[in-house]
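Chain residues, written in single-letter form:
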Amino acid sequence: MSRRQIVVLAVLLAVACALPFLASNYRTFQLTLVIIYSIALLGLNMLTGYNGQISLGHGAFYAIGAYCTAILMDRFGVPYWATLPAAGAVCLLVGFLFGLPALRLEGLYLALATFALGVSLPQLLKYKHLEGWTGGVQGIVINKPEAPFGLPLNSDQWLYFFTLAVALVMFALAWNLLRGRIGRAMVAIRDQHIAAEAMGVHTAMVKSLTFGVSAMYTGVAGALGAIAVQFVAPDSFNIFLSIVFLVGIVIGGLASISGALYGALFIQFVPNVADEISKAAPWAIFGIFLIGFVYLMPMGIAGAVRLAAARLARKARNV
Amino acid sequence: MDALIHQILAGLATGGIYASLALALVMIYQATHLVNFAQGEMAMFATYIAWTLVDAGMPYWAAFFLTVPAAFVLGVAIERIVIRPVENAPVLAVVVVFIALLVILNSVTGWIYTYTIKTFPSPFPKEPLFGNRYMSSHEIGAIGVTLVVLALLYVFFRFTPLGLAMRAAAQNPDSARLVGIRVGWMLALGWGLAAAIGAVAGMMVAPIVYLDPNMMGGVLLYAFAAALVGGIDNPGGAVFGGFLVGVLENVLGAFVIGNELKLAVALVLIVVVLVVKPSGFFGRVHVTRV
Amino acid sequence: MALLEVKDLRASYGETRVLHGIDFGLEPGSITALLGANGAGKTTTLRALCRMVRTEGSIRFDGTPIGRRATEDIVRLGIAHVPDGRGTFVNLTTEENLRLGAYVRKDRAEVEGDLERVYGYFPRLRERRAQQAGTLSGGEQQMLAVSRALMLRPRLMLLDEPSFGLAPLVVRELFEILRAVNQAERVSMLVVEQNAAMALDLADTAYLIETGRIVLSGTAREIRGDDAVRRSYLGY
Chain A
1 MSRRQIVVLA VLLAVACALP FLASNYRTFQ LTLVIIYSIA LLGLNMLTGY
51 NGQISLGHGA FYAIGAYCTA ILMDRFGVPY WATLPAAGAV CLLVGFLFGL
101 PALRLEGLYL ALATFALGVS LPQLLKYKHL EGWTGGVQGI VINKPEAPFG
151 LPLNSDQWLY FFTLAVALVM FALAWNLLRG RIGRAMVAIR DQHIAAEAMG
201 VHTAMVKSLT FGVSAMYTGV AGALGAIAVQ FVAPDSFNIF LSIVFLVGIV
251 IGGLASISGA LYGALFIQFV PNVADEISKA APWAIFGIFL IGFVYLMPMG
301 IAGAVRLAAA RLARKARNV
Chain B
1001 MDALIHQILA GLATGGIYAS LALALVMIYQ ATHLVNFAQG EMAMFATYIA
1051 WTLVDAGMPY WAAFFLTVPA AFVLGVAIER IVIRPVENAP VLAVVVVFIA
1101 LLVILNSVTG WIYTYTIKTF PSPFPKEPLF GNRYMSSHEI GAIGVTLVVL
1151 ALLYVFFRFT PLGLAMRAAA QNPDSARLVG IRVGWMLALG WGLAAAIGAV
1201 AGMMVAPIVY LDPNMMGGVL LYAFAAALVG GIDNPGGAVF GGFLVGVLEN
1251 VLGAFVIGNE LKLAVALVLI VVVLVVKPSG FFGRVHVTRV
Chain C
2001 MALLEVKDLR ASYGETRVLH GIDFGLEPGS ITALLGANGA GKTTTLRALC
2051 RMVRTEGSIR FDGTPIGRRA TEDIVRLGIA HVPDGRGTFV NLTTEENLRL
2101 GAYVRKDRAE VEGDLERVYG YFPRLRERRA QQAGTLSGGE QQMLAVSRAL
2151 MLRPRLMLLD EPSFGLAPLV VRELFEILRA VNQAERVSML VVEQNAAMAL
2201 DLADTAYLIE TGRIVLSGTA REIRGDDAVR RSYLGY
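Protein chains in written order, with our numbering: chain A, 1 to 319; chain B, 1001 to 1290; chain C, 2001 to 2236.
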């Protein structure tokens, strides 16, 4: 990484650490959600932005992660932090298994199949034979974790830092993965599927693995989400959750790590503002922004930022 | 046995609705190779227009025959304004635009009409025809309306010059231009027809599932399954698929997996068809030359 | 006045310029051949006339400039294009293909008459009228493509490699019918051909195009007699 990038990151990190002490508990909670969403969006972006596989059902992995955590905490008394690797592992496996039939599906058809998954998910979660585990329509309620070792943080602040730490690890891993050979293979498959195959890229393996890793990220986000919200119920995981994720990566910027953060900020705060106008307004705004971005800013906010930074750099050099 | 017959017949009734929507999907797919994710919401929106007219005091059939052309115009407008700019864009962009359309239609409807469930009238009598105990009059009526729509479409496409031109434009746009067909407008017409068909489907299904902005979600899923089962580029297949899916949904729902998991039937069908036989029963197999 | 007048026609596929400013003309009632090797720009010329590629320069049809018009409008002026690959609507029947040729015409009764006339030229098409066009043989599809163009009652027919993939006997039969149509109905024709010998037999005038430029023009007899042409294109 360039020195400038490291400086920017350090500043951001410092600001991020300071925020929970400056903001109210509710704001801290919202910021925690932003971090959680950014992990979920990073997952989806890996699959759709970098690897070109369109998923309109990623809410399902978020749900699986969330339910894993809830069931482990509520039924088995597993401590919250231990549920994360479990949720991640489960989603990695499920995602990989999903990725196998998905290999046969191109663009539109994969979108269709994942859309079907997203629409039917709440029904699946409400299935009465699983009620013993899932709590049926009522869902499951779990407790909020307290700061450990007697640290002078309230539970909102603790959760924020915990989430931040997890996010840092996951973003670092992703950054490393995407920069390396596998990341390049993913992009090659997205851009020129047949040529990549011909050049010796194991497209099937890479695509399925990408599905798995992407599901894992979103699943871990779901687990964190369950802990933060303290509650899981089937109707929170309907098709609109998957669509929200899609909105996030399109607006934030496809094939971009920083895009995950921009997107998360957008999907967390826009509804808060729009809700003032009407209950339906947030979605109308999402829809209009989606179309607007596709027509006018297909690289998303991340792309625009990159362009602006490049222009500034050029000006600085010319001075 | 009685129960089985009832489920099959009810399945045919809803199947007709799925067949109509599937047909709309196939029409757009044939012309553009795109799946219209917003088809359900367009139908729902049109149904709300009909509701507004009926609520204002208009008799049912007057509202019906005003709504259908209104939906047609809406479809044409959407194609010309929203879809045309992304006609040749990469798949992801197109899918995003369709989803955006879905979301906008859904939220605008919720905004104008709120999310409270409304009842939608049926033009058919409440008492079952001839006192039969298998199907309500509405179910019989819905099948009838579906068949009339399908017949009209068949006649239109097979026997009129415009229908022939639309078929030609969908199959081979370049050659179509060479005989003077305005391909762009044929596309818009296709969307208009699809929207009109969707409106009819919406008005037939609303009395059964009650009118609310999210009512078409499940129906759309069944229509996708139907279109895939029949062959995504085969209109006859879509109709066959629709009836098949309707019957399967009802029979499996009543006797095998329980009513709560009925949507899962659609999901499983979609995934199985896509993975095992993507061209469905009657579709054409596409071979990509490397 | 020339039926077709082309001046400084340039055409590009994307950023690649393929035609570098060609000039030619076509007299009404004549058959003109456009000869050249593979990739010389012959097909591009026809597509440029129909505005299926990006063009610059002047194209006048019967005095009217058509360089800015859309393909669908050019058809309505009476120009029928038989594309390379034939452009058959393979999933429609033979007769549906033919009727589409007359799509822009308003005189319904005359169209029926023309259908009969076309079946007269090509009886094999009448036998196969209800068959799916994709099941026709190569020769039959070429006849279908030419017939579809005739159904427009065009004033100018553009034919792109009509002999491609056809047995010589079939080509001769086809060209005889083209000559008959040209004389009986005064349909002007611009024929693009790699098969120079047969094209020069059919045509009145000819142009030779090489890498996007016209290098030779004259009557068919003159071109046939030209030494360079004989050696490069006629093989003797």
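It should be emphasised that the hints constitute simulated quantities derived from the structure, not laboratory data. These numbers were taken from a predicted model, which means no experiment stands behind them. Where is the CB? At the ideal position from N, CA and C, for every residue including glycine. Some hints here could point you the wrong way.
Said to hold, decoys possible - Some, not all, of what chain B presents toward chain A, calculated at C-beta under 7 Å: (1) Ala1077; (2) Val1095; (3) Val1097; (4) Val1103; (5) Ile1104.
Said to hold, decoys possible - Derived lysine-lysine pairs resembling DSS-like cross-links, with alpha carbons at most 25 Å apart: (6) B:Lys1262 to B:Lys1118; (7) A:Lys126 to B:Lys1277; (8) B:Lys1262 to B:Lys1277; (9) B:Lys1262 to A:Lys128; (10) B:Lys1118 to A:Lys279.
Unchecked claim - Quick list of simulated restraints, FRET-style, between CB atoms: (11) B:Asn1259 to A:Gln138: 50 to 56 Å; (12) A:Ala195 to B:Thr1116: 18 to 24 Å; (13) A:Gly132 to B:Val1091: 40 to 46 Å.
Proposed interface contact between Val1095 of chain B and chain A, which counts if any beta carbon pair is under 7 Å: holds, 5 Å
Satisfaction of the hinted span 50 to 56 Å by the C-beta atoms belonging to Asn1259 of chain B and Gln138 of chain A: With a Cβ separation near 19 Å, Asn1259 of chain B and Gln138 of chain A fall outside 50 to 56 Å, so the hint is violated.
Interface hint outcome for Ile1104 of chain B [beta carbon to chain A under 7 Å]: It holds, given that the least Cβ distance between Ile1104 of chain B and chain A is near 4 Å, below 7 Å.
Pair hint outcome, Lys126 of chain A versus Lys1277 of chain B [Cα-Cα no greater than 25 Å]: violated, 30 Å
Distance restraint evaluation - Ala195 of chain A, Thr1116 of chain B, Cβ atoms, bounds 18 to 24 Å: For Ala195 of chain A and Thr1116 of chain B the Cβ distance comes to about 54 Å; the hint is violated.
Proposed proximity, Lys279 of chain A with Lys1118 of chain B (alpha carbon, max 25 Å): holds, 18 Å
Ala1077 of chain B as chain A interface residue, shortest Cβ-Cβ below 7 Å: violated, 14 Å
Cβ distance range 40 to 46 Å for Gly132 of chain A and Val1091 of chain B, holds or violated: Once the Cβ atoms are compared, 41 Å apart, the range 40 to 46 Å for Val1091 of chain B and Gly132 of chain A holds.
Interface hint status, Val1097 of chain B versus chain A (Cβ within 7 Å): Nearest chain A Cβ about 6 Å off; hint holds.
25 Å Cα cutoff - pair Lys1262 of chain B, Lys128 of chain A: holds, 13 Å
Given hint Lys1118 of chain B paired with Lys1262 of chain B - CA-CA distance at most 25 Å: holds, 23 Å
Lys1262 of chain B paired with Lys1277 of chain B [C-alpha distance capped at 25 Å]: Holds. Lys1262 of chain B to Lys1277 of chain B sits at ~22 Å (cutoff 25 Å).
Checked against the numbered hints above, the structure breaks hints 1, 7, 11 and 12 and satisfies the rest.
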